[in-house]
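A.B. asks: Chain by chain, the residues:
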Amino acid sequence: MTEKITVKLFASLMRYLPVNNTKSHGFDHAIHADTTVGQVIDALQLPREGLHIVLLNGVYLEPELRESTPLNDADVLSFWPAVAGG
Amino acid sequence: MSWTKKVLRINLSAGTCEAEPLNMEWAELYLGQRGLGTKYLSEEVPPTTEPLSPENKMYLITGPLTGTMASTAGRYSVVTKSPLTGAVACSNSGGFFGNEMKCAGWDMVILEGKAASPVYISINDDNAEILPADDIWGKSVWEADEWLHSKHQDPQLRVAAIGVPGEKGVLYSAIINDLHRAAGRSGVGTVMGSKNVKAVVIRGSKGVHVDKPKEFFEATNAAKAILAGNPVTAEGMPTLGTQVLMNVINEMGAMPTKNWQHSVFEGASKVSGEAMLEPRESDGKANLTRNGACFACTIACGRISTIDPQHFTVKNREDLHHSYHGNSGGLEYEAAWALGCDTGIDDIDALTYANFVCNEQGLDPISLGSTIAAAMEMYEEGIITKADTGGIDLSFGNVEAMVKCTELVGAAEGFGLELGMGSARFCAKYGHPELSMTVRSQEFPAYDPRGIQGMGLGFATSNRGACHLRGYTVASEVLGIPIKTDPLVTDGKAELQIGFQDATAAFDSAGICIFTSFAWTLDDVAPQLNADSAGEWTAERLAEIGERVWNLERIYNEAAGQGAIADKLPPRLLNEAIKAGPAKGKVNGLPVMLPEYYRARGWTEDGVVSEETKARLGI
Ligand code: SF4
Numbered sequence: 001m002t003e004k005i006t007v008k009l010f011a012s013l014m015r016y017l018p019v020n021n022t023k024s025h026g027f028d029h030a031i032h033a034d035t036t037v038g039q040v041i042d043a044l045q046l047p048r049e050g051l052h053i054v055l056l057n058g059v060y061l062e063p064e065l066r067e068s069t070p071l072n073d074a075d076v077l078s079f080w081p082a083v084a085g086g
Numbered sequence: 001m002s003w004t005k006k007v008l009r010i011n012l013s014a015g016t017c018e019a020e021p022l023n024m025e026w027a028e029l030y031l032g033q034r035g036l037g038t039k040y041l042s043e044e045v046p047p048t049t050e051p052l053s054p055e056n057k058m059y060l061i062t063g064p065l066t067g068t069m070a071s072t073a074g075r076y077s078v079v080t081k082s083p084l085t086g087a088v089a090c091s092n093s094g095g096f097f098g099n100e101m102k103c104a105g106w107d108m109v110i111l112e113g114k115a116a117s118p119v120y121i122s123i124n125d126d127n128a129e130i131l132p133a134d135d136i137w138g139k140s141v142w143e144a145d146e147w148l149h150s151k152h153q154d155p156q157l158r159v160a161a162i163g164v165p166g167e168k169g170v171l172y173s174a175i176i177n178d179l180h181r182a183a184g185r186s187g188v189g190t191v192m193g194s195k196n197v198k199a200v201v202i203r204g205s206k207g208v209h210v211d212k213p214k215e216f217f218e219a220t221n222a223a224k225a226i227l228a229g230n231p232v233t234a235e236g237m238p239t240l241g242t243q244v245l246m247n248v249i250n251e252m253g254a255m256p257t258k259n260w261q262h263s264v265f266e267g268a269s270k271v272s273g274e275a276m277l278e279p280r281e282s283d284g285k286a287n288l289t290r291n292g293a294c295f296a297c298t299i300a301c302g303r304i305s306t307i308d309p310q311h312f313t314v315k316n317r318e319d320l321h322h323s324y325h326g327n328s329g330g331l332e333y334e335a336a337w338a339l340g341c342d343t344g345i346d347d348i349d350a351l352t353y354a355n356f357v358c359n360e361q362g363l364d365p366i367s368l369g370s371t372i373a374a375a376m377e378m379y380e381e382g383i384i385t386k387a388d389t390g391g392i393d394l395s396f397g398n399v400e401a402m403v404k405c406t407e408l409v410g411a412a413e414g415f416g417l418e419l420g421m422g423s424a425r426f427c428a429k430y431g432h433p434e435l436s437m438t439v440r441s442q443e444f445p446a447y448d449p450r451g452i453q454g455m456g457l458g459f460a461t462s463n464r465g466a467c468h469l470r471g472y473t474v475a476s477e478v479l480g481i482p483i484k485t486d487p488l489v490t491d492g493k494a495e496l497q498i499g500f501q502d503a504t505a506a507f508d509s510a511g512i513c514i515f516t517s518f519a520w521t522l523d524d525v526a527p528q529l530n531a532d533s534a535g536e537w538t539a540e541r542l543a544e545i546g547e548r549v550w551n552l553e554r555i556y557n558e559a560a561g562q563g564a565i566a567d568k569l570p571p572r573l574l575n576e577a578i579k580a581g582p583a584k585g586k587v588n589g590l591p592v593m594l595p596e597y598y599r600a601r602g603w604t605e606d607g608v609v610s611e612e613t614k615a616r617l618g619i
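Just so you know, the protein sequences line up as chains A and B, in that order.
According to my numbering, the first sequence is numbered sequentially starting from 1.
According to my numbering, the second sequence is numbered sequentially starting from 1.
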């Protein structure tokens, strides 16, 4: 069965948004039962060295867990480059 | 030698302006700016002084790097006793005012006493005068700025001024320099108003001298290369400014919403840094026109924005200052949060307008937005009614109501004077102090410490009342700078917070911007100071200075009745769990962290600075 997650790209990673996605940060992405975060990164051709903050359903995903963590239907996966403010 | 070693002491009661030497023994121990200003305050102003009395003093003070070519070296601080908190106040500002003071030959300008009628201070190198300000008393900062520039016939004149709220006792009035840079927090502008001082204007032509010019050139260039090579300071901050945080904090479920009843705001992305880049329908322009930089800054995080000309706040409003119809200082994250998420408003033009009002009239947008949000909760709960608000429907999300309240506080009129007390006094007046989201009567910034545990400890122990700029563990807990820690646990947060607090105090005393610390450590600051100022400056010595500054502030606060007794968070953060999102079910673990913090600080278990710690730090 095909499932889908929401991927969100922020800050300079917005340049990797699908072309028709100009107004929002999020878009649907189809996955299979055993798709991992690493596979989504590959499928979207995101630059690994530029993925500084990765949140899975709002919770920080440690770099060493990113490749192997499996995704579930309706998960929200958000990406930022290195950012800061105050 | 980058201290000028000269202080300008202005006694407003006596009408005198006198030069005196800077106390260099103290400078060795407290560096400059925040540290040295606090040392002067603690020696000259008894902690029990009434903040709005002539006995309080104000220290406008630079650091040893201010005015040099070190990156971000335009900073100055205003140190005084705060009328909002009753604790030590130290508000730091960029722009071009601090460097001008240094170029005029002064490390510090002290304002003491009270003028008999409205005045402004004019400083032109060695010449200082107290001049009448009757023509600009009652005017906004922007109007005063224009008048002063025209009167002095000098486009290079640097102006720091207060607006109407500062004259009329609004307790979170700011001092604005260069039109939209603020010594923003704790009501330092209110103290200036209480002295009948409208503005300080400075023109300096002396330049700044460093100890070892060649070394200094090399050290500052090396440090600039670090900023240019770091993705945060080279790309993130110039592109999106502090507003890049809006989506990060919201997605992780730590976005204080509707007076901290919720921790996720649906409209956050509409008022985010990314949203500021989107073209709008009316004229095809984005909210953000360009970024901007303070003196000598190679980061340039500043926002220059416009309001949609079709928006109700500015359309057909001939009465407004012309800047509302053009470019001016745009939204920072804290302002967008307080005026927006905390009040439930996602209208980016209304927020930009309210932010312009804060700049024009000299208001702290964090305290203003938070006080409006607390009033909104009280209105929705029926604690206050339209009879109290002057007929305003203060429901969460009511854009017109937020705009009206902002204008009323800006004019210091009607219900605006009530809101001008700040949230702690406002909520207490109506019998619900628990609804005020404050520490030491100062409003929180935009991070829910139930979802970012270390910030709860930081807010509770912050010497100037709740603040993000005293120990920004968000950098570690959320952003992974310098290392990532888990925001939902309390383990290790006491030490983490102390490390941030002490390093920040050192940065704040040096004359540079705290945002450099996203890329620099004290190891990068030390070589710049070494070449700038005679003496041996190491990272260890700077960290110790930071610790000394922190402890001195604490000792002052203890004697002012703002020590351990005020290390508290509102009950909402300790007892009401986050309702939804990634941090669901969490409260802040302050009761666990605070004893660890006192121990690690070398204080007594009651939170009092111990005699051993004082002796170790030479206080
Ligand atoms: S980083 Fe931003 S606030 Fe700091 S000095 Fe530069 S422009 Fe000013």
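Keep in mind that a hint or two might mislead.
Stated by the list, open to error - Some, not all, of what chain B presents toward chain A, calculated at C-beta under 7 angstroms: (1) Gly236; (2) Ile304; (3) Glu434; (4) Phe518.
Hint data in this document are derived by calculation from the structure and do not stem from the laboratory.
C-beta: ideal position from N, C-alpha, C; glycine also.
A.B. asks: Does each hint hold? Answer for all of them.
C.D. replies: Hints, one by one, checked against the model:
1. Gly236: Gly236 of chain B check passes; min Cβ-Cβ to chain A is 4 angstroms, inside 7 angstroms.
2. Ile304: Violated - the Cβ of Ile304 of chain B stays beyond 7 angstroms from chain A, reaching only about 17 angstroms at its closest.
3. Glu434: violated, 28 angstroms
4. Phe518: This hint holds: Phe518 of chain B lies near chain A, its Cβ roughly 4 angstroms from the closest one there, short of 7 angstroms.
Checked against the numbered hints above, the structure violates hints 2, 3; every other hint is satisfied.
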